[in-house]
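Colleague: Single-letter residue listing:
Number of protein chains: 2
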Amino acid sequence: MAPSPRETSPELKEALEDTVQMVDKAIGRLLPETDLAEAQLYDAMRYGTLAGGKRLRPFMVMQSAKLFNVDPARAKRVAAAIELVHAYSLIHDDLPAMDNSDMRRGKLTVHRAYDEATAILAGDGLLTMAFQILTEPETHEDPYVRCALVAALADAAGPHGMVGGQMLDLIGETTEFDLGSISRMQRMKTGKLMAFSCEAGAILGKAGDMYRRALTSYAYDLGLAFQVTDDILDVEADPNESGKPANQDDKAGKSTFVSTMGKEQARQRAEMLAEQAIRHLHVFQGRAKMLEELAYYVLRRRA
Amino acid sequence: MAPSPRETSPELKEALEDTVQMVDKAIGRLLPETDLAEAQLYDAMRYGTLAGGKRLRPFMVMQSAKLFNVDPARAKRVAAAIELVHAYSLIHDDLPAMDNSDMRRGKLTVHRAYDEATAILAGDGLLTMAFQILTEPETHEDPYVRCALVAALADAAGPHGMVGGQMLDLIGETTEFDLGSISRMQRMKTGKLMAFSCEAGAILGKAGDMYRRALTSYAYDLGLAFQVTDDILDVEADPNESGKPANQDDKAGKSTFVSTMGKEQARQRAEMLAEQAIRHLHVFQGRAKMLEELAYYVLRRRA
Chain A
1 MAPSPRETSP ELKEALEDTV QMVDKAIGRL LPETDLAEAQ LYDAMRYGTL AGGKRLRPFM
61 VMQSAKLFNV DPARAKRVAA AIELVHAYSL IHDDLPAMDN SDMRRGKLTV HRAYDEATAI
121 LAGDGLLTMA FQILTEPETH EDPYVRCALV AALADAAGPH GMVGGQMLDL IGETTEFDLG
181 SISRMQRMKT GKLMAFSCEA GAILGKAGDM YRRALTSYAY DLGLAFQVTD DILDVEADPN
241 ESGKPANQDD KAGKSTFVST MGKEQARQRA EMLAEQAIRH LHVFQGRAKM LEELAYYVLR
301 RRA
Chain B
1 MAPSPRETSP ELKEALEDTV QMVDKAIGRL LPETDLAEAQ LYDAMRYGTL AGGKRLRPFM
61 VMQSAKLFNV DPARAKRVAA AIELVHAYSL IHDDLPAMDN SDMRRGKLTV HRAYDEATAI
121 LAGDGLLTMA FQILTEPETH EDPYVRCALV AALADAAGPH GMVGGQMLDL IGETTEFDLG
181 SISRMQRMKT GKLMAFSCEA GAILGKAGDM YRRALTSYAY DLGLAFQVTD DILDVEADPN
241 ESGKPANQDD KAGKSTFVST MGKEQARQRA EMLAEQAIRH LHVFQGRAKM LEELAYYVLR
301 RRA
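Residue numbers (the numbering used here), protein chains in the order written: chain A, 1 to 303; chain B, 1 to 303.
Just so you know, the hints here were simulated from the structure itself, not pulled from any lab data.
For clarity, every value in this text was computed on a predicted model and none was experimentally measured.
Watch out, some of these pointers could steer you wrong.
[To be verified] So the derived label-pair ranges between C-beta atoms look like this:
id	chain 1	residue 1	chain 2	residue 2	range
1	B	Glu17	A	Pro137	52 to 58 Å
2	B	Ala252	A	Lys251	50 to 56 Å
3	A	Thr174	B	Arg287	53 to 59 Å
4	B	Leu108	A	Thr174	18 to 24 Å
[To be verified] A few chain A residues that face chain B, going by a derived Cβ cut-off under 10 Å, partial list only:
id	residue
5	Ala15
6	Tyr42
7	Met98
8	Ala113
9	Glu116
10	Ile133
11	Asp142
12	Cys147
13	Thr175
C-beta atoms are modelled at their ideal positions from N, C-alpha and C, and glycine is treated no differently.
Extracted from the complex, chain A is given alone in its bound form (with noise of 0.2 Å):
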């Protein structure tokens, strides 16, 4: 195998760009601005989503429709919804109660900018409505494949995957997790919703289980690399570049990759499990280069 590749390339820069742009823009239609009693709901939702990300996730979501010749304009829809489940997770991990952040992408958080009470219902209101948006028949004419997106996204939203995942990390930080433990809190955090937004666009195309299980079998070893790197970021990191303070999770006395592992054992591990997750790309024989791509990305990403 090739050695990881030090730059972006200009396509996958571009595709990155445009989906940023395109998830502002649909995020916006969806969530509108009000002049109702209780237009801060709104405002904190909008303020909540349309705080800058990579939008990873919505990449994912565009770039796996496209290997089914998916319509654009459903598989952005389905970007939408999961960039909305991916900022309440983050609204309510901000919480005092919770991670008890300030600062996120170099703005106040939800909490900061408004208060407790309006941070809680913002998260509420965003997951609930993402539900709405996978139901209504612009995103899939076959209220099956509505129904199975829907399914899909519970799953990897609920107790079995990101909600899990949280009270894991929250009984991290008074219990000393092994590498196993960190692994499944990790898969369950992060890798759960990353697998759904990849397998979204092998829903929408009605693909078969083969494709289904690339993806997702990608998408959990990507997770798993983005959230080793996460962890070398947190202790290495200079806050003006990831706009959050350095160290947090130590702090929090959280067990992480770094800690069990090392430093220097945790950046191969990291670089291993890119490249495990490209090889499972290989069915698509070269039309998913975007997500091969990805892989690396996520190793060399400062934020």
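Could you slot chain B onto chain A? The hints should help.
Modeller: Quick look at chain B alone, frame taken from chain A:
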């Protein structure tokens, strides 16, 4: 119209008790005890859902389903899903940043029995699971029906419904609301989920629009009667009977039906709303006796 009966009929009493048992059993099966590392999340979800309650919404689902000869095994799943959403809303509403309640139904609230982070996650998990339950083929063999259930639940629970209503409720602590604003807030906060509970049977039974409209109109009037009665109970409640302290709304500075129109007028209004609710059921030509009686039951309740 005959004066509202002063006592609950043996039939209604039995049907209500049956529903309580049925829901407890269904939720217990959907949320099994576990020895996973994240067991605390499941414990808190069980604690927050199996803590008693009148199970009015599941009762509405079961009774509306009966009108269209829907298999009770299916209706039961929808009833449980709605109750999970109701429980999630109570867990989040009770949080320190929201209503800051220590007790509910004579027991510690979830964040007091566990901690705030666990309560936030338990609520998130219950909301997500509710959608998952509705997507499963056991709920209905037709994916169109399952999708319609998810869409209606999301609409009832999201920013246009419960979450928006709760935002208004918080805004009402610092803003004086008139009767119209209080009614709109309550319709969103409580009415919409009750409307879905009554409509669910019609959706499961693929009933026509006339029946769906009759059931939702019934539910909105009953929901308002329920809420006016709640406001009356809040000012005169015996904490030993209701399981929560008295005069909570007044202490929080909230405008209520009682603070706006006075207790005696509020009582008359509730009675009028119950009668109006029952009139919507005339399309069922006497086959909706339990729902008719329920409208008076919500006026008589002491907790």
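Colleague: Interface hint check: isoleucine 133 of chain A, Cβ to nearest Cβ on chain B, cutoff 10 Å. Holds or violated?
Modeller: With a closest approach of 9 Å, the isoleucine 133 of chain A hint holds.
Colleague: Between glutamate 17 of chain B and proline 137 of chain A, does the C-beta distance stay in 52 to 58 Å?
Modeller: About 41 Å separates the Cβ atoms of glutamate 17 of chain B and proline 137 of chain A, which means 52 to 58 Å is violated.
Colleague: Interface hint check: tyrosine 42 of chain A, Cβ to nearest Cβ on chain B, cutoff 10 Å. Holds or violated?
Modeller: Constraint on tyrosine 42 of chain A satisfied, holds at 7 Å.
Colleague: Tell me if aspartate 142 of chain A is really an interface residue toward chain B, meaning its C-beta lies closer than 10 Å to one of theirs.
Modeller: This hint holds: aspartate 142 of chain A lies near chain B, its Cβ roughly 8 Å from the closest one there, short of 10 Å.
Colleague: Is the interface hint satisfied for alanine 15 of chain A? The criterion is a beta-carbon contact with chain B at less than 10 Å.
Modeller: Nearest chain B Cβ about 30 Å off; hint violated.
Colleague: Return the status of the interface hint for cysteine 147 of chain A: holds when the least beta-carbon distance to chain B is below 10 Å, violated otherwise.
Modeller: holds, 4 Å
Colleague: Starting from the range 50 to 56 Å, see whether the pair alanine 252 of chain B and lysine 251 of chain A falls in it by beta-carbon distance.
Modeller: At 36 Å between Cβs, range violated.
Colleague: May I ask you to test the interface hint for threonine 175 of chain A with respect to chain B, counting a Cβ-Cβ separation under 10 Å as satisfied?
Modeller: holds, 8 Å
Colleague: Under 10 Å, Cβ to Cβ, is where glutamate 116 of chain A needs to be relative to chain B, so tell me if that hint holds or is violated.
Modeller: Glutamate 116 of chain A check passes; min Cβ-Cβ to chain B is 3 Å, inside 10 Å.
Colleague: Should the interface hint for methionine 98 of chain A be scored as holding, given a Cβ-Cβ cut-off of 10 Å against chain B?
Modeller: holds, 5 Å
Colleague: Range first: 18 to 24 Å. Now tell me if the beta carbons of leucine 108 of chain B and threonine 174 of chain A are that far apart.
Modeller: holds, 21 Å
Colleague: Return the status of the interface hint for alanine 113 of chain A: holds when the least beta-carbon distance to chain B is below 10 Å, violated otherwise.
Modeller: Result: violated, 15 Å to nearest chain B Cβ.
Of the numbered hints stated above, those contradicted by the structure are hints 1, 2, 5, 8, listed in ascending order.
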